[in-house]
Each structure stands twice: as structure tokens, then as C-alpha cells.
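*Asks:* Start from the sequences, fold in the hints, and give me the full structure.
From first to last, the protein sequence lines stand for chains H and G. 0 is the number of the first residue of the first sequence in numbering that gives the first Met the number 0; add one for each residue after it. 0 is the number of the first residue of the second sequence in numbering that gives the first Met the number 0; add one for each residue after it.
Hints should not be assumed to be uniformly reliable.
[What the hints assert, rightly or not] Simulated coverage check for chain G against chain H, where a stretch passes if three residues somewhere in it have a Cβ under 8 angstroms from a Cβ of chain H: (1) 3 to 13; (2) 35 to 46; (3) 70 to 76.
[What the hints assert, rightly or not] Taking CB as the label site, the calculated pair distances span: (4) H:LYS330 - G:SER32: 21 to 31 angstroms; (5) G:CYS107 - H:ASN71: 52 to 62 angstroms; (6) H:ARG70 - G:ALA80: 20 to 30 angstroms; (7) H:GLY59 - G:ASP36: 23 to 33 angstroms; (8) H:GLU274 - G:ARG35: 52 to 62 angstroms; (9) H:GLN35 - G:ASP36: 29 to 39 angstroms; (10) G:PHE91 - H:GLU192: 27 to 37 angstroms; (11) H:ASN71 - G:SER14: 24 to 34 angstroms; (12) G:PHE91 - H:VAL128: 44 to 54 angstroms; (13) H:ARG185 - G:PRO81: 42 to 52 angstroms.
If you are wondering where the hints come from, they were derived from the structure by calculation, not from laboratory data. C-beta atoms are modelled at their ideal positions from N, C-alpha and C, and glycine is treated no differently.
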Amino acid sequence: MMATPATTLSASVDSADTSARAYKLLPFRFERWTEQEVLLVNDVGDFLFLDARSFEALIGHRLAPTSADYRNLKAKLFLSDGDPTVPIELLATRYRTQKSFLSGFTALHLFVITLRCDHSCPYCQVSRVKESGTRWDMSRETAERAIELMFRSPAQSLKVEIQGGEPLLNFDLIRFIVERVIDRNRTEGRRIEFVIATNLAPLDDEMLTYMKERSILLSTSLDGPAPLHDANRPRPGRDSHSLVEKNLGRARAELGHDRISALMTTTERSLAQPEAIVDEYVRLGFDSIFLRSISPYGFAVRTGAAARYQAASFLDFYRVALDRIIDWNRKGTAIREVFAQILLTKMMTPFPTHYVDLQSPGGAGIGAVAYNYDGEVYASDEARMLAEMGDLSFRLGNVHRDSYEQIFGGEKLRSLVAHSVLESLPGCNRCAFLPFCGGDPIFHHRTQGDVIGHRPTSAFCAKNMGVLRHLFGQLRSGDPFIIDLFTSWATGFPFPGLDEMPT
Amino acid sequence: MSEAVEISVDTTLHSRRAIFETCYKLTGGAFVSLTRDPQNPDFLVVSLRPREGALDPSIAGIFANELIDQEIRTALDREMAPIRELIVAQAFAEGNLLDSLRDDGNSCDDPLGISRLR
Numbered sequence: 000m001m002a003t004p005a006t007t008l009s010a011s012v013d014s015a016d017t018s019a020r021a022y023k024l025l026p027f028r029f030e031r032w033t034e035q036e037v038l039l040v041n042d043v044g045d046f047l048f049l050d051a052r053s054f055e056a057l058i059g060h061r062l063a064p065t066s067a068d069y070r071n072l073k074a075k076l077f078l079s080d081g082d083p084t085v086p087i088e089l090l091a092t093r094y095r096t097q098k099s100f101l102s103g104f105t106a107l108h109l110f111v112i113t114l115r116c117d118h119s120c121p122y123c124q125v126s127r128v129k130e131s132g133t134r135w136d137m138s139r140e141t142a143e144r145a146i147e148l149m150f151r152s153p154a155q156s157l158k159v160e161i162q163g164g165e166p167l168l169n170f171d172l173i174r175f176i177v178e179r180v181i182d183r184n185r186t187e188g189r190r191i192e193f194v195i196a197t198n199l200a201p202l203d204d205e206m207l208t209y210m211k212e213r214s215i216l217l218s219t220s221l222d223g224p225a226p227l228h229d230a231n232r233p234r235p236g237r238d239s240h241s242l243v244e245k246n247l248g249r250a251r252a253e254l255g256h257d258r259i260s261a262l263m264t265t266t267e268r269s270l271a272q273p274e275a276i277v278d279e280y281v282r283l284g285f286d287s288i289f290l291r292s293i294s295p296y297g298f299a300v301r302t303g304a305a306a307r308y309q310a311a312s313f314l315d316f317y318r319v320a321l322d323r324i325i326d327w328n329r330k331g332t333a334i335r336e337v338f339a340q341i342l343l344t345k346m347m348t349p350f351p352t353h354y355v356d357l358q359s360p361g362g363a364g365i366g367a368v369a370y371n372y373d374g375e376v377y378a379s380d381e382a383r384m385l386a387e388m389g390d391l392s393f394r395l396g397n398v399h400r401d402s403y404e405q406i407f408g409g410e411k412l413r414s415l416v417a418h419s420v421l422e423s424l425p426g427c428n429r430c431a432f433l434p435f436c437g438g439d440p441i442f443h444h445r446t447q448g449d450v451i452g453h454r455p456t457s458a459f460c461a462k463n464m465g466v467l468r469h470l471f472g473q474l475r476s477g478d479p480f481i482i483d484l485f486t487s488w489a490t491g492f493p494f495p496g497l498d499e500m501p502t
Numbered sequence: 000m001s002e003a004v005e006i007s008v009d010t011t012l013h014s015r016r017a018i019f020e021t022c023y024k025l026t027g028g029a030f031v032s033l034t035r036d037p038q039n040p041d042f043l044v045v046s047l048r049p050r051e052g053a054l055d056p057s058i059a060g061i062f063a064n065e066l067i068d069q070e071i072r073t074a075l076d077r078e079m080a081p082i083r084e085l086i087v088a089q090a091f092a093e094g095n096l097l098d099s100l101r102d103d104g105n106s107c108d109d110p111l112g113i114s115r116l117r
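*Replies:* Right, dumping it as C-alpha cells:
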């Protein structure tokens, strides 16, 4: 019996080699998916799985033009067999669309109006202080100067996110900022969105009336069922969960059901309760949940909370929670996972998201900026948290001392941007997941002492790669329900048959 | 389970880029050092020591397969680089780098008579 020659080609391969080098390869990266399959991703995020033999034939320019693989690769702009001008133009247009988040420059402006807070969460990402006193509050002069800087941004859509501490403890300044922005915008004509990130505990009727009048969105924290939430988010009276539930109902009744979103932080305690956390979000009528790992900043570091679990534990938690979310959808209740939605949007549509952690170049400073209570300007909320820990590496300037040009055109921000271009980062530049990911230089500075970072030991890389692999695996499974569900998350199109949340 | 592994790499077959990319990728689980083989200057000796515990017993095979993939990536990068650079340049260009005449075109022109075919 003759051994099968090692060069035996699959049906996709042109054995006569008549078309050798008759096609050009268009830029893509690859990842071995299994022993038999390779995942190909082009520079604009289109992807396909290819049999390993067809992959070998493709890169050897031996793929038969009559094969289904060839037609598929050509249609998805992985190869070109004629004048390449048209595919290059198409790819350039797609590339420009994918990078369109750059054109508006800084759109998200975070106003940290107080460090005071009534909670003492051990994982808190900021260095909060006790409720009394105004030393840790932003002044009107500082707010006014920050608003001026915000309107220097060329972005047509501006999001004003007011946070703390607990910003409702400084509600007078919230009114001041909102009114000043609205007044100033009469001549600016930008699209403005206001969001308050609050634990809801200090919420009262007067605040709600004002929020309704000014169409303000609320973003709150919900870590899961009461025992877990109250353990993660202690406050005097240990009643954080019941306050969230009560005030969530009041806020929804006044502002509208869809005007309040929530996000959770995964602590070591949370890792054992993925299903219960998802179920609690469903019980409270949320149509989304953002499964977030702890960020290595502020109190999360001081208390050791961030170090207590590794990316692998979070990924185990994430997969179980996502399965639970999919199960709820199968049963007719619409709920989506926001991190998956961000990645799926990048994987399944031509459009970018405005999630600054997953952009290349990274969004710190050019997508989002944080004005601290004391007037200091930071490249991101994480940069501000680092500063609270004594590390001023990413302080861009001060609203009182520095001009817009010095803050947003200075060497610090330029360097930050330059060090977050994935296409030039070691470990990222050849990664198939590059079009979906980000560099996060501030995270790597914090965790590895280097803005470029070391990807083989990066928790950020491990988490993103793990989630992306899981999502690709779900899509590869061919389950039509999951494909339709993920498509609806990515595109925003409704999924027929699922319950709409009450509005 | 191994405490240390040495792998010999023929530099007449493998590019420096592919060797370094492969070594970099394995630095998550191992400390990696490279030395030239004193007996044969065409060969590099890659030494892998575990960061903690022991090395994956398949580490030599993993290295060999990764080296081939990195070699493929090096070849693909070389082949695709001109088009990749052109795509990025075209994406951010104010004019049309592929056909400068079209910069002067009028969007109302219909040189191929496409509108008449409707």
C-alpha cells in the first residue's frame, strides 16, 4: 500500500496548479482554531473558518478558483483575482468606517463632582471619602472651566457623564453643570446626552423631577441578589440592595423604564454565583447586564480584591453567566450581555463602538476624558484612579492652568495614543483578534509597569482573548438561535418572539 | 514534566523575526533565552525554563508548530504589506490615491451610461 503523499490536496485545491499566483492575497491574520480548522480575520474584521488544507492551498496560491472556499474568500475580500483597485477601495472605505471614532475626537466627558460617598465598597475603583464636608467637591468655577474645555472638542455628539463618589450628594452642582451645558449649547448646537452614575441611595423626588425635565439618564450598580450585593457594597444599615430596588422602581416610574441601566462588578464572592446574578437582573426587569471584572485601581488594589482572582476564574464565570443569559432568551425573555454586544458589533457589523478600552488607538483622552473634582484633567477615569493612588503619569493638565491645546495636544496624550496602536504592539500586531481589541496602556502601566505591556502575561489580553474565543466558538457551533440572537445584539435589530421590556 | 528544555533552531531555515515572535509568545509560561550554538553558528539554541512549576511536556512540539505559523505570518506580512499600507493610506487620504483623475470627477457624470440602463 502506498502511503498518502504529504502534499495531497483537498478538493479545493487546483492540482494542476494552472492558477498559481493568479490571485493576490488581501491583508488578513490567522489563528489555528482546531487541528483541522483555521480562523482568518481580515483587517476590517470580516472572518471565516477555513479547512487547514484549504488554508495551506490559499497561502500557497494553489486554491482552485472553482471551489466554494475560493468564492467565499473572494466575496469576503480575502483575495482578489482581477484588478485589485475595487477591493482595495472597498477595504479602505471599510477601514475608514471602522476608525471613524477618531474623527469626532473626545466625545465622553466625565465630571467627577465629588469623592464623597455613602458606600464603602472594598473594590471601589476610586478613593472615596466620608460623606461630610465639601473639601472633596468640585467647585462651580472648576465645573465651568471643564465645560468650556468640553465644548472645544470637535465632537458633534457629547456625552456628559457625572460621577463620584456619589454624585447625588452634590446635586446642586449637577444642576449647575446641566444648566450651563444646555445654555452654552444654544449656540453650539451639539447633540448632548447627560448620564449620572449613581448608587441611587440618596435619590429623592425633587431630583427625579429635575432629571425628567432634563432627560437625564441614570446608570446604577447592581452586583446581584441582596446578600451578594450588600456584601460587595456595604453602607450604614447594610441596605444598599433594598435601596437600589426601591429607588429603581421610583426612577423607572418617573423617567421611563429604559432610562436606567445597571452594571455589576465581579468580585471573588461573585464568581460562584453567575446564574443568580443574571437571574437577579431578569427579576428586576433589566434588558442588559455588563459582566465586568474588577479593575486594578483604587481600593480594589489596596484591599487586594483585584489580585484575588485571575482572568481564568473570571472567564469561567463569564461563560456560565453568558449561557444563562442565552437560556433566558431561549425562554422568551430578552436580555443581552453588554461586553459581548460590543465585541459582536465589531465582529458582525462594519461599525465601530465607542467603548474606549477596545479601540486602536486607545480611547484614553481622544475618546473620553475625566475632569476631577479638583480641576485636574486625566486621560480616563482609570488614569484618575491611578492619580488617587499617587501615580500622576496620565494627568494631562488642569482646567485652570492649562489650555485646551496643552491638555489635548500635549506630549503626554500623544505618547499615550502612540503606545496604544495595536498594529504596532508586540503580541498584538499578528493577532487575529486585533480588529476587535484594544491596547489599554493605562491598565498595562498599572499592572505591568509599562504602557506597551507584555501580552503573554497580560490579564487584559487573557480576558479579551478568552471572551472572543468563546463568542467565535458560539458562532461556530452553528446554533441558529445563538446566531440570530448575537446578530440582534450586534445590529440592534429586534429578535422576533422575545418579550419586550415594559417602557 | 520538564524543568528546562533546549531547542535547536536552524537559522538558515527560519527567519530571525519568526524565531523571536515564537519565543515572545512562549514567555507567558517560560523564561526564554537564546544563544548561538558554539559548535554550529547557523544554529540558535533556545532555552526554556518554567516561570513556575514545570514546563508543559509538549513544549518542544508547541514551539516547533508555533515557529512554522510565525514563519507563515512573516511570509504573509511580506506579501501583504504593500496592499495593507495602500489600504490604510487610501482610508485616511483626502484624495484618491488609486486614481487621481477621479478626484476631479463630477458625481453627476455617468460615463458608463448606467442610469440609462434602468
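*Asks:* Give a verdict on every hint.
*Replies:* Verification of the supplied hints:
1. 3 to 13: violated (count 0)
2. 35 to 46: violated (count 0)
3. 70 to 76: holds (count 5)
4. H:LYS330 - G:SER32: 21 to 31 angstroms: violated, 55 angstroms
5. G:CYS107 - H:ASN71: 52 to 62 angstroms: Once the Cβ atoms are compared, 37 angstroms apart, the range 52 to 62 angstroms for ASN71 (chain H) and CYS107 (chain G) is violated.
6. H:ARG70 - G:ALA80: 20 to 30 angstroms: Taking Cβ atoms as reference, ARG70 (chain H) and ALA80 (chain G) lie about 26 angstroms apart, which means the hint holds.
7. H:GLY59 - G:ASP36: 23 to 33 angstroms: Cβ of GLY59 (chain H) to Cβ of ASP36 (chain G): about 31 angstroms, so the range 23 to 33 angstroms holds.
8. H:GLU274 - G:ARG35: 52 to 62 angstroms: With a Cβ separation near 56 angstroms, GLU274 (chain H) and ARG35 (chain G) satisfy 52 to 62 angstroms, so the hint holds.
9. H:GLN35 - G:ASP36: 29 to 39 angstroms: At roughly 35 angstroms between Cβ atoms, ASP36 (chain G) and GLN35 (chain H) fall inside 29 to 39 angstroms, so the hint holds.
10. G:PHE91 - H:GLU192: 27 to 37 angstroms: Roughly 28 angstroms apart at Cβ, these two residues keep to the hinted range, so it holds.
11. H:ASN71 - G:SER14: 24 to 34 angstroms: Taking Cβ atoms as reference, ASN71 (chain H) and SER14 (chain G) lie about 31 angstroms apart, which means the hint holds.
12. G:PHE91 - H:VAL128: 44 to 54 angstroms: holds, 45 angstroms
13. H:ARG185 - G:PRO81: 42 to 52 angstroms: Since the Cβ atoms of ARG185 (chain H) and PRO81 (chain G) sit about 51 angstroms apart, the hinted range of 42 to 52 angstroms holds.
The structure is inconsistent with the numbered hints 1, 2, 4 and 5, although it conforms to all the rest.
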